[in-house]
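Quick note on numbering that gives the first Met the number 0: the sequence shown kicks off at 0 and runs consecutively.
Please note: incorrect hints may appear among the correct ones.
If you anchor each label on the Cβ, the simulated ranges turn out as follows [to be verified]:
id: 1; residue 1: Y176; residue 2: E247; range: 57 to 65 Å
id: 2; residue 1: N185; residue 2: K154; range: 21 to 29 Å
id: 3; residue 1: N285; residue 2: K154; range: 33 to 41 Å
id: 4; residue 1: E309; residue 2: K272; range: 20 to 28 Å
id: 5; residue 1: M308; residue 2: K159; range: 41 to 49 Å
id: 6; residue 1: S152; residue 2: N185; range: 18 to 26 Å
id: 7; residue 1: F290; residue 2: S130; range: 14 to 22 Å
id: 8; residue 1: E309; residue 2: N131; range: 17 to 25 Å
id: 9; residue 1: R96; residue 2: Y263; range: 22 to 30 Å
Please keep in mind that the hints were generated in silico from the structure rather than gathered at the bench. Every value quoted in this text rests on a predicted model; they were computed, and no experiment measured them. Backbone N, C-alpha and C define an ideal beta-carbon position, used for all residues, glycine too.
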Amino acid sequence: MMMLRKRIKSWMTDETKQPKAASENKGDKYAMEKRLKKMENMLNEIRTNEFNFFYTLLRMNLSMENRLNDMSNIMLGNKTNHIEHILRIWKLLRIKRVKDTPFIRVGAPHDGGYVMLDDLKGSVAYSFGISNDVSWDDAMTEHGYDIYMYDFSIKELPYKKKQFHFFKKGIASSIPYDTYLNTLENFMEKNGHRNHKNMILKMDVEGAEWGFFNMVKEETLCQFDQIVMEWHNLNSNDWTENIIKGMEKVYRTHTLVHVHANNYCNVTYYDGKAYPDTIEIVLANNAQYDFEEIEVAHLPIPEDAPNWMERSDIILGNVNEP
């Protein structure tokens, strides 16, 4: 940006140094419009670079509020309490291995794609939280799935496909719900899936997942072979109890088999380990799979990919370490 500004300044200086006669010869309307167009292009280039710069800052999730909270915890002597909350949650994030079932990546090689078990034998998937990325949904159609897609924050999908069934609605995280928010059970009833089995659930709803877990029925969760989600707010003390309650509920029907850190998020470092505020997880149905304990679970794995491609993945190390 500074280089562009210097170029404009240099160009304007050169123009003023022109001999008067030459200036008069070039002073017709065409020459003036040409110079103005040149300046306009330079200014547009500056604006574009400035937009990209500030957009990058936004994507880095440089939340001043979060950093002020971290500083406050340290200054007020609350850091120990904050770490205790984080460790309570991460003790519940031990993973198990699914016997005879490897992982694959479904969707984009960055944000929007997910690691899953290579066992996609159903025909229906529910996808909550779309935004402008349907790479996972599109890839799932290649595995024979129809995708029931929900996001009340967008008007329409980036593109259409016959296997896409889009609804401008979202998942309810509390009662009462409204015109745009409803329960998973009600959505499934409307779509004729009340008794459907071997479905897939994908959810990225920016923290509403914890209210969803409190509301959803366990028998509904049992209808899904795999659940792939983003879990948010893991490092926020205010969310700890709701998060633990949600984890304990879903673990009654599913087992955690994979964790990946979202490198857009804030990270707390303690005792040489990284504790990200947001993670992607894979849950496998307890009734559909056989599991085995693993002492060492180094993450990420080869099928993982950084959500933000310009930044290195967050190394979690051995999440099963005591």
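Practice task
Kindly indicate which numbered hints from before are broken by the structure, ordering the numbers from low to high.
Solution key: 1, 5, 7
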